[in-house]
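*Asks:* Heads up, the sequence shown is in this note's numbering, so the first residue is 65 and it goes up one at a time.
Rather than coming from a laboratory, the hints here were simulated on the basis of the structure. Just so it is clear, CB atoms sit at the ideal spot from N, CA and C, and this is done for glycine as well. Where hints are given, some of them may not hold.
Unchecked claim - Computed beta-carbon distance windows for the label pairs:
1. R289 - E241: 42 to 52 angstroms
2. G115 - E247: 53 to 63 angstroms
3. G206 - N126: 37 to 47 angstroms
4. R305 - N126: 47 to 57 angstroms
5. E137 - A92: 29 to 39 angstroms
6. R123 - R305: 46 to 56 angstroms
7. L277 - A92: 37 to 47 angstroms
8. P118 - R305: 34 to 44 angstroms
9. G206 - R123: 45 to 55 angstroms
10. V321 - N140: 35 to 45 angstroms
11. R245 - L320: 24 to 34 angstroms
12. E328 - E241: 50 to 60 angstroms
13. E241 - A127: 20 to 30 angstroms
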Amino acid sequence: MSNDVPGARPATAPSNGAGSGISSVDNALRLLELIGERQALRVSEAAVELGVAPSTAHRLLNALRRRGFVLQEKPNTAYRPGPVLNEIGLAAIGRVDIRQVARPVLEEVRDRTEETVSLSLLEGRNVRFIDCVESPRAVRVGNRTGVVLPAHCTAAGKAILAAMPESELTRRFADGELATRTEFSVAAWDTLAAELAEVRRLGYAVNIEEGELGISAVAAVLRDRAGTPLASVAAVVPAHRLATREQAGQLAERLLVARDQLQETLRGQLTT
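With the sequences and hints as input, model every part of the structure.
*Replies:* Put into C-alpha cells, the structure is as follows:
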C-alpha cells in the first residue's frame, strides 16, 4: 500500500521572521494529522511528506514528543500517537458518547457487586470521574461524576498510569513531586513506581483511603486496539468493606470481566 497521503504538499522554504514560525506550526500540525491517520510515522517518512530535511522533521517530532503529543518507545523507531493526542481525540468524539457506551456495563457491575461503579479519564496528572452509577446499599459511596483528584491517589488513576510508557510517566512527573490527600496517599516516587509495577502484574489497581478518607476502590484500565490507555472503570466502596489490598481480589475479578466486555464495545465504537 502506498504511503502517499491525499493532500500532502511540500512545505515552503523557511524564511526569516514570522513566516518561519508559521511554517513550523503548519508542519507540526501536518505531522499530527499524519500520525493520527497512520498510527506510526518514521522520521524519513515525515521528511518526505513535509518536503523538509530529515533533521528538521526529527526536530519537529522531538518537540511533539516532549509535549506528549507523540511517543517513541525506543530510539530510531516510529513515532506513535501520544497520550495528549489521545486525550484530545477522546474529547473530540465526545465524553457523552463514551458514557453512553459504558453505562450498561457500569450498571451491570453495580448490580453484581452492589457497589458504586465509576468511569474516569486522565487529565494531566489528575483523574476526572465522568460517569457513575450508585450502589443500592444504604451505606455507599455517592455519585462521583465531576470529581477531580490526583491520579496517583486513586485506583482509577493508577490503573491508567500503569498502562503508560515509562517515558510518558517521566514527562508528566518530571519534578517527581506527588501531592497528598490523606495520610495514606503515596508521597514518594519510588513507592509509586513499585505500586505501578504491581498494578501491571495483577491487572488492576487498588486504593485504600488514599484520595479520601473512608473511601477505597479497585480499578482496571481500558485500552484501544493499539494498547493505548483510554479510560478506567472502578468499583468505589466504603473503606470498611475494603480495608486491605488482600480483600480486593474478588471485587477485581468481577470488574475485570466487565472491563473486557466494555473494552471490546468501546473499541468498536472508536473505529466505526
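*Asks:* Now, for every hint given, state plainly whether the structure supports it.
*Replies:* Cross-check of the supplied hints:
{"no.": "1", "hint": "R289 - E241: 42 to 52 angstroms", "verdict": "34 angstroms, violated"}
{"no.": "2", "hint": "G115 - E247: 53 to 63 angstroms", "verdict": "58 angstroms, holds"}
{"no.": "3", "hint": "G206 - N126: 37 to 47 angstroms", "verdict": "45 angstroms, holds"}
{"no.": "4", "hint": "R305 - N126: 47 to 57 angstroms", "verdict": "48 angstroms, holds"}
{"no.": "5", "hint": "E137 - A92: 29 to 39 angstroms", "verdict": "21 angstroms, violated"}
{"no.": "6", "hint": "R123 - R305: 46 to 56 angstroms", "verdict": "53 angstroms, holds"}
{"no.": "7", "hint": "L277 - A92: 37 to 47 angstroms", "verdict": "45 angstroms, holds"}
{"no.": "8", "hint": "P118 - R305: 34 to 44 angstroms", "verdict": "58 angstroms, violated"}
{"no.": "9", "hint": "G206 - R123: 45 to 55 angstroms", "verdict": "50 angstroms, holds"}
{"no.": "10", "hint": "V321 - N140: 35 to 45 angstroms", "verdict": "40 angstroms, holds"}
{"no.": "11", "hint": "R245 - L320: 24 to 34 angstroms", "verdict": "26 angstroms, holds"}
{"no.": "12", "hint": "E328 - E241: 50 to 60 angstroms", "verdict": "37 angstroms, violated"}
{"no.": "13", "hint": "E241 - A127: 20 to 30 angstroms", "verdict": "24 angstroms, holds"}
The structure fails to meet hints 1, 5, 8 and 12 from the earlier list, while all remaining hints are met.
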